[in-house]
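A.B. asks: Please build the complex by placing chain B on the supplied structure of chain A, with the hints as guidance.
Here's the letter readout for the chains.
2 protein chains.
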Amino acid sequence: MLLRRPKLHLLPDLLPSWAQCRGVFHLGKAGSASELRAARGTWQWREFAVFLRPEVQHTPFTARLLQKGAVMRQERQQSLGWRSPVPEVMGILLGDVQGAGQQPITFLRQVTAISTYPRLLDHPALPLDAKQRAREILANCAGNSIGAYTEPEGIGAVRHSVAQYLEQRDGGVPADPNNVYLMNGTSNAMSIIFNLLIDRSRSRRTGLLVPVPCGEVSWHTISMLGGVVLPYHLDAEQGWEVTAQELRRVVEEGRGHCQPMALCVTNPGIPTGHVMSRRCMEHVIRFAVDEGLLILAKEGHPSDIYSGSCQQQTFKKVLSEMGPKYAGVLELVSFNSVSSGHIGESGARGCFMEVLNMSPAVQMYIGLMLAAFDSASVTAQIAIDVATRPPQPGHPSYPLFQAEKRESLRMLAEQARLTEGMLNTIPGISCAVINSGTFAFPRIELPDGAREAAEAMNLRLDTFYSHRLLMDTGCLLAPGGDFGLQDGPWHFRMNFLLPLDKLKLTLEKIMEFHRKFMAEFS
Amino acid sequence: MLLRRPKLHLLPDLLPSWAQCRGVFHLGKAGSASELRAARGTWQWREFAVFLRPEVQHTPFTARLLQKGAVMRQERQQSLGWRSPVPEVMGILLGDVQGAGQQPITFLRQVTAISTYPRLLDHPALPLDAKQRAREILANCAGNSIGAYTEPEGIGAVRHSVAQYLEQRDGGVPADPNNVYLMNGTSNAMSIIFNLLIDRSRSRRTGLLVPVPCGEVSWHTISMLGGVVLPYHLDAEQGWEVTAQELRRVVEEGRGHCQPMALCVTNPGIPTGHVMSRRCMEHVIRFAVDEGLLILAKEGHPSDIYSGSCQQQTFKKVLSEMGPKYAGVLELVSFNSVSSGHIGESGARGCFMEVLNMSPAVQMYIGLMLAAFDSASVTAQIAIDVATRPPQPGHPSYPLFQAEKRESLRMLAEQARLTEGMLNTIPGISCAVINSGTFAFPRIELPDGAREAAEAMNLRLDTFYSHRLLMDTGCLLAPGGDFGLQDGPWHFRMNFLLPLDKLKLTLEKIMEFHRKFMAEFS
Chain A
32 MLLRRPKLHL LPDLLPSWAQ CRGVFHLGKA GSASELRAAR GTWQWREFAV
82 FLRPEVQHTP FTARLLQKGA VMRQERQQSL GWRSPVPEVM GILLGDVQGA
132 GQQPITFLRQ VTAISTYPRL LDHPALPLDA KQRAREILAN CAGNSIGAYT
182 EPEGIGAVRH SVAQYLEQRD GGVPADPNNV YLMNGTSNAM SIIFNLLIDR
232 SRSRRTGLLV PVPCGEVSWH TISMLGGVVL PYHLDAEQGW EVTAQELRRV
282 VEEGRGHCQP MALCVTNPGI PTGHVMSRRC MEHVIRFAVD EGLLILAKEG
332 HPSDIYSGSC QQQTFKKVLS EMGPKYAGVL ELVSFNSVSS GHIGESGARG
382 CFMEVLNMSP AVQMYIGLML AAFDSASVTA QIAIDVATRP PQPGHPSYPL
432 FQAEKRESLR MLAEQARLTE GMLNTIPGIS CAVINSGTFA FPRIELPDGA
482 REAAEAMNLR LDTFYSHRLL MDTGCLLAPG GDFGLQDGPW HFRMNFLLPL
532 DKLKLTLEKI MEFHRKFMAE FS
Chain B
32 MLLRRPKLHL LPDLLPSWAQ CRGVFHLGKA GSASELRAAR GTWQWREFAV
82 FLRPEVQHTP FTARLLQKGA VMRQERQQSL GWRSPVPEVM GILLGDVQGA
132 GQQPITFLRQ VTAISTYPRL LDHPALPLDA KQRAREILAN CAGNSIGAYT
182 EPEGIGAVRH SVAQYLEQRD GGVPADPNNV YLMNGTSNAM SIIFNLLIDR
232 SRSRRTGLLV PVPCGEVSWH TISMLGGVVL PYHLDAEQGW EVTAQELRRV
282 VEEGRGHCQP MALCVTNPGI PTGHVMSRRC MEHVIRFAVD EGLLILAKEG
332 HPSDIYSGSC QQQTFKKVLS EMGPKYAGVL ELVSFNSVSS GHIGESGARG
382 CFMEVLNMSP AVQMYIGLML AAFDSASVTA QIAIDVATRP PQPGHPSYPL
432 FQAEKRESLR MLAEQARLTE GMLNTIPGIS CAVINSGTFA FPRIELPDGA
482 REAAEAMNLR LDTFYSHRLL MDTGCLLAPG GDFGLQDGPW HFRMNFLLPL
532 DKLKLTLEKI MEFHRKFMAE FS
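From first to last, the protein sequence lines stand for chains A and B. In short: position in the first sequence from 1, add 31, done, that's the working numbering. In short: position in the second sequence from 1, add 31, done, that's the working numbering.
Treat the hints loosely; a few may be bogus.
Said to hold, decoys possible - Using 35 Å as the maximum straight-line C-alpha spacing, the simulated DSBU-like pairs for lysine-lysine come out as follows:
(1) Lys162(B) - Lys162(A)
(2) Lys436(B) - Lys533(A)
(3) Lys162(A) - Lys436(B)
It is worth saying that the hints were derived from the structure and are not from the lab. Computed from a predicted model, the values in this text were never measured in an experiment.
In isolation and in its complexed conformation, chain A is listed as follows (with noise of 0.2 Å):
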């Protein structure tokens, strides 16, 4: 009955632009109706196609975002009697700091919950400036409710807040709270600014520049949205920095066929979590002030950088040190989150993102989006509120906020260490020192007797040796050809939020079988 008349199933527009989702679509393509609910509800179904099927090609993206959940979902699988070929699955696939267990920030859950609750007023052991914070997001709140509409750019004194952090961020360099919008998570902030970007009604096609190796889904939400990728690849050689010379060959191969518009970059890298320094970012400035690129930034909070060794600076900061010639002219929007670092609250899908040098008009245009998508929801907008004015020293949750912190980054700069050091002592593979984020990104060498085995099940050799860890020891982490490299050298991206004696546990198995693929395929 389905496949009579399977409009939905032949029509998406997006099976063009998904084009790299390969793997799914001949999954749905090539399965009848009845296979494909007979698959269905069993564990292999979505989570672990693309690995499972080794017919089919795994590719980038896929494998994450199907996987997406597939840890959590691994218990219900059990639950229906269903026996997985692979053993315990470890998460290590996804960063997801509080579902690996960081504890929340007490002030961020108090304010919340009496923002919520507004009984909670009353409480007594709830402190004096969670309560007296609460109070004031309900007085910018109509109706005094967190259930009402918020104007679509977000509350307007949280953006207020968020321009002072800005300020402060940036030593003082001036934010303008009418610049700042609050969002429903850096996936849909980016996709409202792709939107405005994007141009196809013109022959010509919009061309937007993204990094390899490249963590985020914007590449996909590019092309579904009619705009043309145009990557360009991070030397890791110099620890993952951009350089002026590969980014002038892509805008001038791209300009053959589209016409490039805006570079994206991530800062801290994702998955690389190396922290760009001062001379490429302004390196990266001239060349979009020279080429009339803007600037699309995802930004991480600096305060988050656990390493020691170095500072992340914002490109904001950077661009109004460099002079009027380029802070007066360049268009930059920058998106920060509040769902990593010492925050981490991924479930409240908070965004904030702040635009430079925009005219106006575009700037009303934003604002019909949000009020046309949804702006977003207020328990978010606490969150930021939150993240960006934080208890200060004096106030009765200043020592808490400050200890819970202090934890969180120093849990993180410890799965860290462990992570980097045991990957290096692994024959052929070698780690960078993470400096942020919760991802290790080795680079490792794969034996080329391992390519004909990898070819003769259609795998890319990252791929070929990914599904075997997963096979072998229910390692599940991304091949980098998911972010975008397609070919050697190879690496692998592995999240360590787990706790330390199940994260050496992993990094023992994950070197047990390098050593074991290594000695099969030598």
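C.D. replies: Leaving out everything else, chain B in the frame of chain A:
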């Protein structure tokens, strides 16, 4: 500086598809950067651009979008010392129940607060069933924290709650949790489905039938995504019913220039507040099956119908009773929000969607889209859980929940009756019985004599009327043209979410204004 390189300004590919927002663009394009900057920060800049600058064409959508938040912002503008040319603005434009004073459901807020700050599990003043629910939710979150990512489609247990609710709602028609998706707001949910349906790669464009009047942003989302809107007119004489004849006319005309793919319906209607009859729904289903269209239904919760004179049926229930020829074939997507009715949590941005008869491959796609564009925030998912699984008889929170629900619906009914009653005493205004929602959409007779004055200002007659009403009385409502009724008979939409005394006063002002207006132009 800005206009020297106004890339974004010139670029947005939305320009053609948001062409109806001419007012905005006119303003954006005609004004120099300095003019725009000067205008910015003043009250009229965005909120009342359309009304206060009569040379700018007032068009559907713009007004509603631009004015979203107008009332909220007014205070801030007053604090800036800017004097508005109009009297106090009465907030009768948007339907924001809690923003207008409806009390939230205590149980919902308690569950959210406890889930957010689990130490409240020890708080003696909170009821046991709220604690129990919070425990269940936390047990379904990775790391027992609402700060973790959920599965892209939403927390499994909540999807289960929704499915059980749907079964109960539809008198036992089975609902599969795998067909339920939890999302951030209806507009987002719809745009994901539109994205799946609209094929931009073909020369034959994808058409979607959209009702007129239509209070949703779907119209504009469809254009933006490259689809063709095929407006079909509801029959005001038959209580805004859909007629098969009109649908046929629109599909046949549409086939001349596009491929009609789906039929959007809203039940209860927005802004009309009418409830579709069962007969009408059967017509719509038969038509959709005969013509091979999907149905995309934005549906309210039947328990939120407060008029007593009618019952709302759901498409799924009606479909299930039409036999396998229809029930096994029609691809149906039903969108349900937690923003309205007795739940009224607009700020949570929560929406759930059920799909029926959809290919598993397409459903896999939906999961991918949700993974890419962010799943719903956990607090939105909690709101959905409580909305679909309220306290049951015997639970400690049951009596309060029932009382709150009753009171919210009683208040809405009282406001609706007052509004209908008073509007119907005005000669030349007639308002149908309001069955649900927060809007009245009366028909107004406007004198031909006003046409000339309206044309002189380049305004539609109903816009001219609204503009004059605002300037004279501060009552800001939306002319029927905003909902696609481009010509007479004229209508306007007002929400009635005001305290009864203030509502009465507002209606008296409208009454007096209407009399004056008629006298002036008759």
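A.B. asks: Determine for every hint whether it applies to the structure shown.
C.D. replies: Cross-check of the supplied hints:
1. Lys162(B) - Lys162(A): Holds: Lys162(B) and Lys162(A) sit about 21 Å apart, inside 35 Å.
2. Lys436(B) - Lys533(A): Distance ~49 Å between Lys436(B) and Lys533(A) Cα, so the pair is violated.
3. Lys162(A) - Lys436(B): holds (28 Å)
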